[in-house]
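In case you want the letters, here they are:
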Amino acid sequence: MDQDSHQQPELRVYLRVWLWLFVLSVFSYLVDISGLEGLPKWGLITLFMLLKAGLIVAFFMHMAWERLSIIYTVLLPPAALLFLAVLMALEANYTLISRLSLFTS
Amino acid sequence: MANPHPGRPMSPVEMTRSAPQEGMAGLVSDWSAERRVFDISWGKAMMWLFILSDVFIFACFLVGYMVLRMSTVDPWPDASEVFALTIAGQSIPLLLIAIMTFILISSSGTMALAVKYGYANNRRLTAVLLLVTAALGATFVGMQAFEWAMLIGEGVRPWENPWGAAQFGAVFFLITGFHGTHVTIGVIFIVIMAVKVMRGSLEKSRPGFLTGRKGNYGMIESLGLYWHFVDLVWVFIFAFFYLW
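Chains C and D, in that order, give the protein sequences. The numbers in the numbering used here rise by one with no breaks, and the one at position 95 of the first sequence is 95. The numbers in the numbering used here rise by one with no breaks, and the one at position 145 of the second sequence is 145.
For reference, chain C alone in the conformation it holds in the complex (with noise of 0.2 Å):
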């Protein structure tokens, strides 16, 4: 737990790390090229971001070696954001609704 000091991951975790970001990266990009729509397409985007995402922080970040206070403090906040999306799509949603019936022809 020394701050300055504590045990750094060795040299091929950042490697195994780095070539999965790689490999996820290209994932997604076939995704977009292979013609896949509607819930196939978008979950498996949402799949490779949210492991990539995992990764970085995890490893990159160190969040793996830190101690449960710092990854609640920093880990549990953004899911008030979820919340907000919610609240946001069914504000957008109604807002469509509303354009469609009253302002176009």
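Don't read these hints as lab results, they were simulated from the structure. Predicted model only: the values in this text are computed from it and were never measured. Hints are supplied without guarantee of correctness; some may be wrong.
To be verified - Here are some, though not all, of the chain D residues that point toward chain C, as calculated from beta-carbon distances under 8 Å: (1) L85; (2) T101; (3) G109.
As the list claims (entries may be wrong) - If you anchor each label on the Cβ, the simulated ranges turn out as follows: (4) C:S34 to D:S32: 47 to 55 Å; (5) C:A64 to D:G208: 29 to 37 Å; (6) C:L96 to D:M150: 25 to 33 Å.
For every residue, glycine included, the Cβ atom is placed at its ideal position computed from N, Cα and C.
Dock chain D against the given chain C, drawing on the hints supplied.
Same frame as chain C, but now just chain D:
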């Protein structure tokens, strides 16, 4: 128990404190033990809190983008075609964006290694890795400027574009512009840090000229957190704005 704060003597509380507990019990004791909660340097804790606030800013932009895209009655421009590059007469979708993504991921990798070799007191390698990171970041910003120039040339404005929903330009310039600003600031600070590493300011704990803070290799880790965060934001922009 090892001194948790090198550079100053342990307080009596710290000396009587047993090794930190793990898991949930550790979480409770961290928050309730009448000492500072986070067992990391203050610079790193503050960087994490700054990143948390920045997460909310970028998330608000992305949620705003979602609202605009969901509520418009005009078709949203197809990113695959808008950002296609024509090479040797062939249109390749999202080519520039894909290259930018790989460049930013690579810069994150070199930054992570810079942090590692900084703690290993390998001055030369740390400085080289930092400079490579800065060069990759500058390349990214350069490609983004090229992309902006290309789109502006095709008639994209914050209030109109040739392909569909007028809100596209506003969202594009705001989100990529704000991200590009973050990258630019990161590049400047990484170059400054590389200079500090090269002249040995971190190794010899020399005070910085602006804040007077004594140099240490933890500074590279805090800067690294910022840089990885910039990469992290790009992961979300890439998925939501370019691929979705």
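Status of each hint after checking the structure:
Interface restraint check for L85 of chain D: the shortest CB-CB distance to chain C comes to about 13 Å, outside 8 Å, so the restraint is violated. About 5 Å separates the beta-carbon of T101 of chain D from the nearest beta-carbon of chain C, less than 8 Å, and the hint is met. Taking 8 Å as the C-beta contact cut-off toward chain C, the hint placing G109 of chain D at the interface holds, the least distance being around 4 Å. Distance hint check for S34 of chain C and S32 of chain D: the Cβ-Cβ separation is about 52 Å, which falls inside the suggested range of 47 to 55 Å.
Restraint check, A64 of chain C to G208 of chain D: a C-beta distance of roughly 30 Å satisfies the suggested window 29 to 37 Å. Separation of L96 of chain C from M150 of chain D is about 31 Å and conforms to the stated range, judged on CB atoms against 25 to 33 Å.
Violated hint for the displayed structure: number 1, the only one.
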